[in-house]
Each structure stands twice: as C-alpha cells, then as structure tokens.
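Here is what each chain is made of, one letter per residue.
Number of protein chains: 2
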Amino acid sequence: MADPGNGSEGQARTGEAGDSQRVTTAKQAPWLGLSIPVVLAGTLWFLPAPAGVDPAGMHLLAIFVATIVGIILKPLPMGAVAMVGIAATAMTNTLTISQSLSGFGNRVIWLIVLAFFISRGFIKTGLGARIAYLFMALLGRKSLGLGYGLVATDLVLAPAIPSNTARAGGVVFPILRSIAEAYGSRPDDGTSKKMGAFLTVTAFQGTVVTSAMFLTAMAANPLAAELASAQGVEITWVGWAVAAVVPGLVSLMVVPWILYRLFPPEIRSTPEARDLAWDHLRKMGPVKRSEWIMLACFGLLLTLWILAGPLGIHTTATALLGLVVLLITGVLSWDDVLRETGAWDTLVWFSALVMMASFMTELGLIPWFSETMGGVFGGFGWVTAFLGLSLVYFYSHYFFASNTAHVSAMYAPFLGVALVVGTPPVLAALVLGFFSNLFSSMTHYGTGPAPVLFGAGYVEVSDWWRLGFVVSLANLVIWLGIGSLWWRLLGLF
Amino acid sequence: MADPGNGSEGQARTGEAGDSQRVTTAKQAPWLGLSIPVVLAGTLWFLPAPAGVDPAGMHLLAIFVATIVGIILKPLPMGAVAMVGIAATAMTNTLTISQSLSGFGNRVIWLIVLAFFISRGFIKTGLGARIAYLFMALLGRKSLGLGYGLVATDLVLAPAIPSNTARAGGVVFPILRSIAEAYGSRPDDGTSKKMGAFLTVTAFQGTVVTSAMFLTAMAANPLAAELASAQGVEITWVGWAVAAVVPGLVSLMVVPWILYRLFPPEIRSTPEARDLAWDHLRKMGPVKRSEWIMLACFGLLLTLWILAGPLGIHTTATALLGLVVLLITGVLSWDDVLRETGAWDTLVWFSALVMMASFMTELGLIPWFSETMGGVFGGFGWVTAFLGLSLVYFYSHYFFASNTAHVSAMYAPFLGVALVVGTPPVLAALVLGFFSNLFSSMTHYGTGPAPVLFGAGYVEVSDWWRLGFVVSLANLVIWLGIGSLWWRLLGLF
Numbered sequence: 001m002a003d004p005g006n007g008s009e010g011q012a013r014t015g016e017a018g019d020s021q022r023v024t025t026a027k028q029a030p031w032l033g034l035s036i037p038v039v040l041a042g043t044l045w046f047l048p049a050p051a052g053v054d055p056a057g058m059h060l061l062a063i064f065v066a067t068i069v070g071i072i073l074k075p076l077p078m079g080a081v082a083m084v085g086i087a088a089t090a091m092t093n094t095l096t097i098s099q100s101l102s103g104f105g106n107r108v109i110w111l112i113v114l115a116f117f118i119s120r121g122f123i124k125t126g127l128g129a130r131i132a133y134l135f136m137a138l139l140g141r142k143s144l145g146l147g148y149g150l151v152a153t154d155l156v157l158a159p160a161i162p163s164n165t166a167r168a169g170g171v172v173f174p175i176l177r178s179i180a181e182a183y184g185s186r187p188d189d190g191t192s193k194k195m196g197a198f199l200t201v202t203a204f205q206g207t208v209v210t211s212a213m214f215l216t217a218m219a220a221n222p223l224a225a226e227l228a229s230a231q232g233v234e235i236t237w238v239g240w241a242v243a244a245v246v247p248g249l250v251s252l253m254v255v256p257w258i259l260y261r262l263f264p265p266e267i268r269s270t271p272e273a274r275d276l277a278w279d280h281l282r283k284m285g286p287v288k289r290s291e292w293i294m295l296a297c298f299g300l301l302l303t304l305w306i307l308a309g310p311l312g313i314h315t316t317a318t319a320l321l322g323l324v325v326l327l328i329t330g331v332l333s334w335d336d337v338l339r340e341t342g343a344w345d346t347l348v349w350f351s352a353l354v355m356m357a358s359f360m361t362e363l364g365l366i367p368w369f370s371e372t373m374g375g376v377f378g379g380f381g382w383v384t385a386f387l388g389l390s391l392v393y394f395y396s397h398y399f400f401a402s403n404t405a406h407v408s409a410m411y412a413p414f415l416g417v418a419l420v421v422g423t424p425p426v427l428a429a430l431v432l433g434f435f436s437n438l439f440s441s442m443t444h445y446g447t448g449p450a451p452v453l454f455g456a457g458y459v460e461v462s463d464w465w466r467l468g469f470v471v472s473l474a475n476l477v478i479w480l481g482i483g484s485l486w487w488r489l490l491g492l493f
Numbered sequence: 001m002a003d004p005g006n007g008s009e010g011q012a013r014t015g016e017a018g019d020s021q022r023v024t025t026a027k028q029a030p031w032l033g034l035s036i037p038v039v040l041a042g043t044l045w046f047l048p049a050p051a052g053v054d055p056a057g058m059h060l061l062a063i064f065v066a067t068i069v070g071i072i073l074k075p076l077p078m079g080a081v082a083m084v085g086i087a088a089t090a091m092t093n094t095l096t097i098s099q100s101l102s103g104f105g106n107r108v109i110w111l112i113v114l115a116f117f118i119s120r121g122f123i124k125t126g127l128g129a130r131i132a133y134l135f136m137a138l139l140g141r142k143s144l145g146l147g148y149g150l151v152a153t154d155l156v157l158a159p160a161i162p163s164n165t166a167r168a169g170g171v172v173f174p175i176l177r178s179i180a181e182a183y184g185s186r187p188d189d190g191t192s193k194k195m196g197a198f199l200t201v202t203a204f205q206g207t208v209v210t211s212a213m214f215l216t217a218m219a220a221n222p223l224a225a226e227l228a229s230a231q232g233v234e235i236t237w238v239g240w241a242v243a244a245v246v247p248g249l250v251s252l253m254v255v256p257w258i259l260y261r262l263f264p265p266e267i268r269s270t271p272e273a274r275d276l277a278w279d280h281l282r283k284m285g286p287v288k289r290s291e292w293i294m295l296a297c298f299g300l301l302l303t304l305w306i307l308a309g310p311l312g313i314h315t316t317a318t319a320l321l322g323l324v325v326l327l328i329t330g331v332l333s334w335d336d337v338l339r340e341t342g343a344w345d346t347l348v349w350f351s352a353l354v355m356m357a358s359f360m361t362e363l364g365l366i367p368w369f370s371e372t373m374g375g376v377f378g379g380f381g382w383v384t385a386f387l388g389l390s391l392v393y394f395y396s397h398y399f400f401a402s403n404t405a406h407v408s409a410m411y412a413p414f415l416g417v418a419l420v421v422g423t424p425p426v427l428a429a430l431v432l433g434f435f436s437n438l439f440s441s442m443t444h445y446g447t448g449p450a451p452v453l454f455g456a457g458y459v460e461v462s463d464w465w466r467l468g469f470v471v472s473l474a475n476l477v478i479w480l481g482i483g484s485l486w487w488r489l490l491g492l493f
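First to last, the sequence lines map onto chains P and G.
Under this note's numbering, residues 1 to 493 are what the first sequence spells out, in order.
Under this note's numbering, residues 1 to 493 are what the second sequence spells out, in order.
Honestly, I wouldn't trust all of these hints.
To be verified - Listed next, the stretches of chain P that the computed footprint assigns to chain G, with coverage defined by at least 3 CB atoms under 8 Å from CB atoms of chain G:
| id | stretch |
| --- | --- |
| 1 | 90 to 102 |
| 2 | 105 to 118 |
| 3 | 177 to 186 |
| 4 | 227 to 241 |
| 5 | 316 to 326 |
Stated by the list, open to error - Subject to a maximum C-alpha distance of 25 Å in a straight line, what follows is the list of computed SDA-like cross-link-like pairs (lysine to any residue):
| id | chain 1 | residue 1 | chain 2 | residue 2 |
| --- | --- | --- | --- | --- |
| 6 | G | Lys-74 | P | Leu-32 |
| 7 | P | Lys-142 | P | Leu-44 |
| 8 | G | Lys-74 | P | Val-69 |
| 9 | P | Lys-74 | G | Ile-293 |
| 10 | G | Lys-124 | P | Arg-339 |
| 11 | G | Lys-124 | P | Leu-34 |
| 12 | P | Lys-74 | G | Asp-335 |
| 13 | P | Lys-124 | G | Ile-293 |
| 14 | P | Lys-74 | G | Leu-34 |
| 15 | P | Lys-124 | P | Thr-303 |
| 16 | P | Lys-193 | P | Leu-492 |
| 17 | P | Lys-74 | G | Trp-257 |
| 18 | G | Lys-74 | P | Arg-289 |
| 19 | G | Lys-124 | P | Asp-336 |
| 20 | P | Lys-142 | P | Lys-74 |
| 21 | P | Lys-288 | P | Gly-299 |
| 22 | P | Lys-74 | G | Thr-329 |
| 23 | G | Lys-288 | P | Leu-32 |
| 24 | P | Lys-74 | G | Ile-328 |
| 25 | G | Lys-288 | P | Leu-34 |
| 26 | P | Lys-288 | G | Leu-34 |
| 27 | P | Lys-288 | P | Asp-275 |
| 28 | G | Lys-74 | P | Met-284 |
| 29 | P | Lys-124 | P | Met-253 |
| 30 | G | Lys-74 | P | Ser-333 |
| 31 | G | Lys-124 | P | Thr-191 |
| 32 | G | Lys-74 | P | Asp-335 |
| 33 | P | Lys-288 | G | Leu-32 |
| 34 | P | Lys-124 | G | Asp-335 |
| 35 | G | Lys-74 | P | Val-325 |
| 36 | P | Lys-74 | G | Ser-290 |
| 37 | P | Lys-142 | P | Leu-276 |
| 38 | P | Lys-283 | P | Ala-296 |
| 39 | G | Lys-74 | P | Asp-336 |
Think of the hints as simulated: they come from the structure by calculation, not from any bench.
Here a beta-carbon is modelled for each residue, glycine too, at the ideal position from N, C-alpha and C.
The following block holds chain P by itself, in its conformation from the complex (with noise of 0.2 Å):
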C-alpha cells in the first residue's frame, strides 16, 4: 500500500523509522494483477477513435488505462509498471522509440529528481534532527505544543524535500517515537493514548497540509504541475507557494488543535520534553560545517527560487546548482545520489506518466474528453459545476492508495472538464493540486507516510478513519473558504 512515489524507497533507507515500519510487497507471481490491465488494454485497443481523435490515440490511451490500472493493482511495483507502459508504446510502434522515452528529458521531472537527492543531504548531516530539536525545545511544554513542534518541521523542511515519507517517516517519526516513549507511551501495551497516538495523528495530518504548500513538497505535484502545462496552464514555483500559504497556514494552525479536542493525549503537560530535546541538541554539538554548507544550500536553493522570474533562472536550473554545492562541498558523495533509489525511481515512473500525459493530449484524447464531459455539465456556471468536480475529484481518494496514481489518473481530464466549463484556468489547475494533497487526510494508506505512521501501531484504524474525515471537512472549509478570499485578493478569479 506503501506509495513508492512518494518516497517509501528513499524511506527505506532512513533507517530508524523504515525497518520496522516498511509495508513489503506481494512475493506471489504477479499474473493476476498483470491479466486485468492486458485484458483492459486488448478490448480498448480496437474501440474505434471519435472524431479529432488520432487512431493511435486509442492504443495509447489502452496502454495509458492498463498501466493506471497496473499502478492501483500492484501486480509489480510501480516503476516496474511504468517500465511495461513505456516498453508497450514502443514495441507496439504506437509511438516512436524518441517519444517513449522523450519523458526522461522532462525538466520537470529533474527538479524532483534533483530535489530528492538534495533532502539527502537533511538526514544525512543531521540537520533535519537539530530543527526537529530545536522545536520541541521552543514548543514543547505541553503535549499540544509537540504536536506544533513535529509539524513546524515538516512545514520547514517541505519546500526541499519533495518526499513526504522521507519528511514524517524518516526525520520526524524517529523523533516523534522518542518522544512518547519518554513518556511511556508505547503501541502494544495500552499506553498508546498516552501520547503516541496523538502525536502520530497530528504529524500525519500536518504532512498532508505541508505536502500541498510547495510544489517541490510532493512527488506528483509537479506532475500536476506538468499535466497542467500540457493544456496549456502555466504554475510556477512561487505561484504555488503564494496561493498556498495562507489557507496552508491556517491549517497547520487549526488541525492539531482539531485533534488535540477530538484526540487528546492523557498526558497534557511535558515539561521535561524541553529538557530531553536541550539533552539531545548539548549531545550533538555546535552545527556541524556540513549543517551549515547545506542550510545555506537550502537558502539559495529557496532564494533563488522564488525570484525565478525576475533572474530568469529556471527552477531545475537552481535545483542543478543545489546539487553541484552538496557534491563540491562533499556534504553528498557521487556514491549517496546513485544509491538515492527513490530518485529513480520517480524518474522512471514520472517519466512514464509524462510521456504518456502529453502525448495522449497531442493525439486529441483530453480535448475529447473534455469537450464532451464539459457539454454536460456547462449547464451549470463554472462555480457550482467545479465546486462538484473538485469535490467528487476530492473523496474518491478513499479508492486510491497513492497520490501519484490518483494524479496520473484523474487530475487531466478533470482540469480539461474544469477549463471548459469556464473555470479561471489558473485556480482550477492550482485548487485541483492542493485537492492532489489534501485528499491523503482520510485513510491509512492513501499516500506514503500514511501506511509508516499507521503501521506503528499507535492508532486504531477507527480513529484514523474517523479523524481523517473530520480533518478533510476542516480543510475544504479552510481551503475553499479563506483560501478563496486570499486567491480573490491575489487576482486569480
């Protein structure tokens, strides 16, 4: 269930929070999960093409569906899938061998690429730690006020660390779990509720809200990013970011204490926590040189990224230099980027769905499709038509066990249908990318640190279910209601 998209991979290799809590994968042959897609893929390789659509539009789009398909099933891990979808639109001559692997290119899918490789850099000096620290010493007088500080460190560590497992699974978890058990909270022996649980809860919702802020926080959000592109809808890195904070920041504000209400830990008051994060900073020493190159690293990279426009330096561009600073410093060695699995992991599968995305555009089939849903629903103003859209987009997560998977799947045709009906373009593509986020709130295993936090065992699958949906209400109040006033101020409708 884990999502490898999302990091379970570069997880793996935290250390403390992915050996215990790894979700492993079926070892069976994989015919079964193989046969739905092939049988999905023959039957619409021979439906005929509409009209304005390309012939091998059709065989593009069976394989597109077949490998969606492959990618909720399972039957092999999702590169592997990706793997299949591309060798299938080469060796069928659906496409030429160029434009299979023309997504490899995609400059795109380098900045998270180089993003991945970068956050290494956080774990490995132990600077991610030292801010995680650092909060609980400033916050951590009452059990509230860790929750705040688990979540202040995601917030800070999300715009260069575009994986969200490897943010609460990997730098947060390990500390969360010290925590509570300094507190003799444990999963198995009735103890959980005495701070683990609630902590737990609290730092999953604040990566779901952190993970939708910046579009280098998530995987797929440069894949919505990118499919946007394709019809034509411009987001840029500052874009995304100034028409996030606001209703983000609300959140992260009103979540933990939505939880600390309906949630709350047995133990309330922790004044040693301070002590115990003080103990930990004494015992790690003054910031390390290889702490310093890659703070400063982290401001250039977040400096020059937001003035992107005026400098005219392309965000992947800034995301190279990132990386050349870590490797010159030696802060990263060659060795840490090429055993960075995640990081290619997500190039080979977003290199697939990108390659697929735009092409399946470029034949005629999203214009189709949107043309025709759009005609159904145009009946109704653009409000109301994408309010429906944004919110059917939002709760059909609950069948999904990836973000990356949902994205690929739905994010296209919906923004299409949204544009048609008159939507602004650059809300509807921005809305349906938070929702890409937001959306992970409800279950155990819709998005990759859901199934490491889930799987520590401090929550029950009622409470997680219950307080998911409770926390998606909030998040569509807070992000439709504030958010709308702050995108109305900003000018985008």
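With chain P's structure known, arrange chain G on it following the hints.
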C-alpha cells in the same frame, strides 16, 4: 584509475571480485582538481568565436573542455563531474534547461542503461558462472585451453553486458582466481607465474577484443555511434557486429596464443581443471527456471537486434522488452534495477557528454575544427591521412584512464577530420569505434577491468605493459590487415 563508466560501480556489487579489488577514490578536498578545469573554462570562455561558430558555441566549448579535463583529473567521480557540466550549461544560460537535460531522453543512452539492467540477470541467476564452467569443462585440458575458455565466456556474454568490468571482473575473474588457486598459483608467494599470471593477461586482452565486437559490449561504444550519428554517419547494432566479427574472432584466436608463447604459465597440462569444472556444474544442479528465462531473453534480444532493420523494431525498444520480460518473470526485481548504480551513473555521464557533443556540432564547432584540420591533412589522400589519424587516436590512449574520457574528447573531431579528407564515412566511424576498445590493451589503467585484474597482483607492471604493447601491434595488424579485406568484401570502401 578505475573507469566508472565501464561499470566499476556495477562491478562493486558483484561481490567476489569487487570487494577486495575495488579502487578507492581520493577522499581529500577536490579543490585543486576542480580549479584547473575552472581556470581553463574561464580562459576559453572569452576567446573570440571563429567564423561560422555561434558565440554560445565557445561557451559550450569552455564547459565541455572543463568537463573532459575534470573526467580525466577526477576531482570528483565521473558522474558528479558530468552533473557539474550539465549545471554549468544551464546556469550560464549557454543552453536552455530543456536543452541541458535533452541527453536524458536519448535512445542510445537508454540502450546502454537497459543493457546494464539486463546484464545483472546473468550474474544474479548464476548463468554467467555456469557458462564459464561449461567452457572450462570443454576446453580446460591445457592451460592454453583454460585461457580460451575464459575468453569464450567473455565473448558469449559481451553482446548483453556493456560493462566489460562486470564481465571480466564480475563473471570471469572469480572463476579465474579459483582455478589459479586450485593449481597453487597465488599472487604474493612467488607462485603467480604457475598459472594465474597467464590467465589474468589472457582474460584481460580477451575482454579488450570482445569489447570491440559489439555495439553493446562496452559502455562507450554507443557514445561513439551517437557522435558519428551527429555527423550524419549511422551505425546499427548489426552493422557493427558484422564488420567486427572476422577480425574479432581472428584476434581472439591469435592473442591468447601469443601470450602463451611470450608469457607461458609454468603449469601447462591441467587435466584436473575439467573435473573441477564438472564438480562446480554438478553442485549448481540442473539449469534453473530463472536461467532458462535469462537464456531465452538473451536469445530474444540477439534475434531482434539482428533483425532490427527488416522488422522495424528499434534496438532500444528490444532492450526495453528484454527488461520487461525479466521483471514480469521475476528474474529481476524492481529493487535490483534501482540498485544497479552503474546504470544510473552511466545515464548521467553519458547524457552530459552526448548533450554537449550534439550541441557542439549544432553550434558549428566540430564542422569548423574538421574543416581547418582537414586542410592540413588533405594533401595526403584519405588512406594515408586516415591511417595517420587512427594511429594517433590509438596510441594517445597511453594518456587516458578511461575509454569514455578518450572517446568523448577525441572521437568526434578525429571522425570529422577523417570525413573531410575523404575517408568513406561508415568505415571511418567503425574503425575509430573498434580502436576505441583495442587501444585499452596497453596499460593497467586504460579501461575498467584493467585495474581490477591488474590489482589482483598476479602480473608485474612491466610484463603488463610489454605484453600490452605487443598485443596492440598484433591487433593493429589483424584489424587493419584482415579487417580491411573483410570490409572491402562488405563494400565499406
């Protein structure tokens, strides 16, 4: 001194040969090795562009030269240097970010990356070792026969294992060492010449020749093909193999015999080697399901590569199919693919070099160089001029520690000059391609397997160089003599 491009990374995972022999890279700060390329680039940057060359071309030349010098001086591993080069093209606005990343979608690069993945199957299933023991059982009655057996193993694996380090270091070397030790020949106690020294040089010179025989037998071969393609000369998989088969097989017959004459093992009759091989084969048991699949996949690859033209299936599409077969049947796991760091390393350095080389042609640099040098060499007639060019190309390998560095620095300009003086294009591209492998016979650092096999300690450096020079002459006589007759027959000139 190891050549990461030829798979020292991949080889590191093969275990037996890797752990003890791995050449470690320097750990000190890379400032000196970095400053030379930087100063060089800074100087070239401000040179005026000659007529017909785009001003951006000089900037690209500066970055390219700095990258090549960086690959030779190795202040950082080759892949990291390549990443710095890519970043430099993008950050200086010499190229757009999409141009800078364009190499990553190149189909010839993916042919090699995919072949790296597929070759893991030979090692993982044990099929490679089984083939080696089989040849040993068939040919191993005398030590010369054992040498031929090792070479035959290397030849059989060559079409699908583009890392000659993985072939000679990962598959052949562990078996070589176990035979030598069975005959009491060890590196350090005066027994090296009993058997081990002869087998080591034979295996090494064998892999040098097999590397020259297939487009997919050495990582830099497709780089040569791609550089030729940029100058309008197309080399196919089957075209390369057909042109190389006759001189290649002659070399594989003659070279071990020469080594046997000049550097004879003290033990010449080895009847027990066959029993040893049969023992190993018995211990391996019947051919496993995974080995059968690997064998079938290998047959499929060779068939489709040979029939690529008539069937209209691109070589890279076939390689995709091969990987998919291994993934679906479970011979390789997706994790095997992600952990094949040699492949990802190759993807990065290869993409950087191909990207720069193709834009150097596009921006007018290679045509300008070829025209200028062609004027100098033009007076001689193409036979003399090309002979001179190719011998300079060949023996300049004394100054290179990697096939890839040599090919990326010298192949394109030398081919350009050869074409200007009137050498038949395909002949010129192929001969320089073959020489890009054969020239590694001479030193103990010139190609990936050299430091691995030399590092085992069986052979003195003076013997290595003396024999290497003799073999280089033998290969030149065979390839230029018998080769020329064969190429004439094929109509290449």
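Results of checking the hints against the structure:
1. 90 to 102: Since three or more residues must qualify, the claim that chain G covers the stretch 90 to 102 of chain P holds, with 9 doing so at under 8 Å.
2. 105 to 118: Per the Cβ count (4), the hint holds.
3. 177 to 186: n = 0 at 8 Å, threshold three: violated.
4. 227 to 241: The restraint on the stretch 227 to 241 of chain P is violated, since only 0 of its residues have a Cβ under 8 Å from chain G and three are required.
5. 316 to 326: holds (count 6)
6. Lys-74/G x Leu-32/P: Cα-Cα ~49 Å, so violated.
7. Lys-142/P x Leu-44/P: The hint is violated at about 58 Å.
8. Lys-74/G x Val-69/P: 45 Å, violated
9. Lys-74/P x Ile-293/G: 22 Å, holds
10. Lys-124/G x Arg-339/P: 19 Å, holds
11. Lys-124/G x Leu-34/P: This hinted pair holds, its Cα atoms lying about 24 Å apart.
12. Lys-74/P x Asp-335/G: Cα-Cα ~14 Å, so holds.
13. Lys-124/P x Ile-293/G: With Cα atoms ~40 Å apart, Lys-124/P and Ile-293/G exceed 25 Å; violated.
14. Lys-74/P x Leu-34/G: 45 Å, violated
15. Lys-124/P x Thr-303/P: Holds. Lys-124/P to Thr-303/P sits at ~23 Å (cutoff 25 Å).
16. Lys-193/P x Leu-492/P: 43 Å, violated
17. Lys-74/P x Trp-257/G: Violated. Lys-74/P to Trp-257/G sits at ~54 Å, over the 25 Å cutoff.
18. Lys-74/G x Arg-289/P: 24 Å, holds
19. Lys-124/G x Asp-336/P: 24 Å, holds
20. Lys-142/P x Lys-74/P: 42 Å, violated
21. Lys-288/P x Gly-299/P: 17 Å, holds
22. Lys-74/P x Thr-329/G: 15 Å, holds
23. Lys-288/G x Leu-32/P: Between Lys-288/G and Leu-32/P the Cα gap is close to 24 Å, so the pair holds against 25 Å.
24. Lys-74/P x Ile-328/G: 12 Å, holds
25. Lys-288/G x Leu-34/P: 24 Å, holds
26. Lys-288/P x Leu-34/G: The hint holds at about 24 Å.
27. Lys-288/P x Asp-275/P: 22 Å, holds
28. Lys-74/G x Met-284/P: Distance of about 33 Å is beyond 25 Å: violated.
29. Lys-124/P x Met-253/P: Since the Cα atoms of Lys-124/P and Met-253/P sit roughly 30 Å apart, the hinted pair is violated (cutoff 25 Å).
30. Lys-74/G x Ser-333/P: Distance of about 13 Å is within 25 Å: holds.
31. Lys-124/G x Thr-191/P: 46 Å, violated
32. Lys-74/G x Asp-335/P: 14 Å, holds
33. Lys-288/P x Leu-32/G: Roughly 24 Å between the alpha carbons, so the hint for Lys-288/P and Leu-32/G holds.
34. Lys-124/P x Asp-335/G: With a Cα-Cα distance of about 22 Å, the restraint between Lys-124/P and Asp-335/G holds, given a limit of 25 Å.
35. Lys-74/G x Val-325/P: 17 Å, holds
36. Lys-74/P x Ser-290/G: Within the cut-off at roughly 22 Å; holds.
37. Lys-142/P x Leu-276/P: Holds, at about 13 Å.
38. Lys-283/P x Ala-296/P: 23 Å, holds
39. Lys-74/G x Asp-336/P: 17 Å, holds
Comparing the model with each numbered hint stated earlier shows that hints 3, 4, 6, 7, 8, 13, 14, 16, 17, 20, 28, 29, 31 do not hold.
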